[in-house]
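Going down the list, the sequences are from chains A and B.
In terms of this note's numbering, the numbers along the first sequence are unbroken and rise by one, the last being 461.
In terms of this note's numbering, the numbers along the second sequence are unbroken and rise by one, the last being 669.
Calculated from the structure, these hints are not laboratory results.
In this text, a Cβ means the ideal position worked out from N, Cα and C, and glycines have one as well.
Honestly, I wouldn't trust all of these hints.
What the hints assert, rightly or not - Between beta-carbon pairs, the in silico distance windows are: (1) B:Asp552 to A:Val438: 52 to 62 Å; (2) A:Val438 to B:Lys618: 20 to 30 Å; (3) B:Pro134 to A:Lys402: 49 to 59 Å; (4) A:Val438 to B:Met94: 47 to 57 Å; (5) B:Lys555 to A:Tyr444: 51 to 61 Å; (6) A:Tyr444 to B:Ala615: 53 to 63 Å; (7) A:Gly442 to B:Val376: 54 to 64 Å.
As the list claims (entries may be wrong) - Some chain A residues near chain B, calculated using beta-carbon distances under 7 Å: (8) Cys411; (9) Gly412; (10) Ala413; (11) Glu417; (12) Ser420; (13) Thr424; (14) Leu452; (15) Asn454.
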Amino acid sequence: MAYKIVPELCNGCGACESECPSRAITHVEKLYTIDPDKCVQCEGTYDSPMCAQLCNTDACVQA
Amino acid sequence: MDRIVRVNMSELTTSVEPVPAAWVGLGGRALTSTIVAAEVPPTCHALGPSNKLVFAPGLLSGTAAANSGRLSCGAKSPLTGGIKESNAGGTAAKMLAKLGIRALIVEGQPKEDKWYSVHVAKDAITIQEETELLGKGNYCLVNNVQARYGKPVGIMSVGPAGEMKMLSANISVADPEAHIRSLGRGGLGAVMGAKKIKFISIDDTGTPPVMPKEPAKFKEAAKIFAQTLLDHPVSGQGLPTYGTDVLVNILHEAGGLPTRNFTSGQYVDHDKISGETMHATIVARGGMPTHGCHPGCQIQCSQIYNDKDGKYLTSGFEYETIWGLGADCCISDLDDIAEADHIMDDIGVDSIETAVMFGVAMEAGVLPFGDGKGVVRMLREEIGKGTSLGRILGAGTANVGRVFGVTRVPVVKNQGIPAYDPRSVKGIGVTYAMSTMGADHTSGYAIATNILSVGGHVDPLKKDGQIDLARNLNIATAAIDSTGMCLFIAFPALDIPACLTSLIDMINACFGINLSGDDVTALGKSVLKTEHAFNIAAGLTKEHDRLPEFFSLERVPPHNAIWDFTPEELDTYWNF
């Protein structure tokens, strides 16, 4: 399982990108996207996915 | 574990200490100004061993709070002779906060003529001799240092201007794209150069984001806060679309756009340098019209401006820079201004001080008004290389005025007056006169209420209400500058009640405390009083809280406005 970023909710602030322990988040044009092959939902690093903890617009959700 | 880091450049040692009780609960400007006031002798030479250079992230930096990634830097200013706090985006504030470093204090001065870099990481803070990057510009430096570490480390650096201790020298802060943000004003780059530090790098590997003590409460407040930034027309629409340069046409219409070294309030070619023109140019050339200066920014007033060939030219292309070289120096070619902006970032000079200085230099006949290519050449060949003329130009507006015998020299406490004519926008004039920082629009942005009708409206051409407006905005700004928040949150904070309440809720949830709005106001007052006391002890008396004489002698068109506050009226600013 992985997380994804809902484009309609993402404001492109980038708070999630640099804090992803799997480096699964990248910049595409103005917005961000999660590579599902790299995302491990922060298992082993954080209690819950850090991108969702940091997102203020609820754009990071379970895929 | 929160800590204070000291870097002693006399002994070439570093140390870590717990946060003293008196500094607990302070961040950003509140902390840098408190430390400078406590530890720097006010009468010391700003470029000598007794001055200290203090970096501090804000109270909320490193958390999930939107727009909380601003870095404060403080010292005694070699330009104003008073206390200085300068503020920038980039990645450094977030990284310092994640490392638990509430303040990084650089003190002393090396005895030998050698240059150094400082590296800050989770387990060690080290000082290394630096030779390879001496004389190099900031763009080259950032790329080189990030390549050395193989990762996007945070960087604070000086360009050649800082190495030469020019009074217009700034400190560059790397942004998420390895471009340049600036701790711009007050010559802090000269202080860093005097400490013989070429750059400070920060590696936050192995540190999680700062977690609030009450996560659920924090999350709820953070979402409300972010939404208010998106809902306000200035922070949610105007700034993201056109950047701060949206102000060119607005100030032209208001008659407050200082032109040809402050001899008019309107610029005939305003449209060529406006935010609307910039936006269209950026889009046509494949740049980015909307871009954040630090991770987590919801407003994103920055941009990436490409040249005619579609290659990167500059970013963070601000209204004050474009106004200064545009209207004030009468340069109507936005590409010339963009090239100058790139060079200023690269050699490391404040783009406001330098643009205001060129207006005075043009009046002196050093180069003609409108000579964009001449400005580019002088930046590259004279200031950047430190020729005798370049050293004079790099010494800032006030010194250039003195050297060339110009009387129309727009400065307060030797710092160049930015972007808004104080005669036709009187609230900002009070801020310029009274700010503890010297002429500084960001310390109490009365344009919001005088021109943009944010937080009510006070007629810009009348004296009524301006001193109260400036005082209240300076107090609020001192508090905002302590949170790590971008100043532009002030637009929603002045109009949408939930913005300020959610900001205070975030601070309370983060630290498990119970601040009220009155406590935040009290913090702002305390910061200003601390700074004012330092300035008085440094020899900046109330006679320095004045605008230059020419503003009271020359009326500025189109309103034929004049500066008519009495000294007694201005002094009531400090009645709080």
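Status of the leucine 452 of chain A interface restraint (C-beta, 7 Å, chain B): holds, 4 Å
Go through the hint on asparagine 454 of chain A and say holds or violated, using the shortest Cβ distance to chain B against 7 Å. Check passed: Cβ of asparagine 454 of chain A comes within 4 Å of chain B, closer than 7 Å.
For the pair valine 438 of chain A and methionine 94 of chain B, does the Cβ-Cβ distance stay inside 47 to 57 Å? violated, 28 Å
Go through the hint on glutamate 417 of chain A and say holds or violated, using the shortest Cβ distance to chain B against 7 Å. holds, 5 Å
Take the shortest C-beta to C-beta distance between alanine 413 of chain A and chain B; is it under 7 Å? This interface hint holds because 4 Å falls under the 7 Å limit.
For the hint on cysteine 411 of chain A, does the least C-beta distance to chain B fall short of 7 Å? holds, 5 Å
Does serine 420 of chain A hold up as a contact with chain B if the rule is Cβ-Cβ below 7 Å? violated, 14 Å
So, as I understand it, the hint says threonine 424 of chain A touches chain B; can you test that by seeing if any CB pair is closer than 7 Å? violated, 12 Å
For lysine 555 of chain B and tyrosine 444 of chain A, compare the CB-CB distance with the range 51 to 61 Å and indicate the outcome. For tyrosine 444 of chain A against lysine 555 of chain B, whose Cβ atoms are near 56 Å apart, the range 51 to 61 Å holds.
Between proline 134 of chain B and lysine 402 of chain A, is the Cβ distance one that fits in 49 to 59 Å? holds, 57 Å
If I claimed the Cβ atoms of glycine 442 of chain A and valine 376 of chain B lie 54 to 64 Å apart, would that claim hold in this structure? violated, 43 Å
Tell me if the interface restraint on glycine 412 of chain A is satisfied: Cβ within less than 7 Å of some Cβ in chain B. holds, 4 Å
Checked against the numbered hints above, the structure violates hints 2, 4, 6, 7, 12 and 13; every other hint is satisfied.
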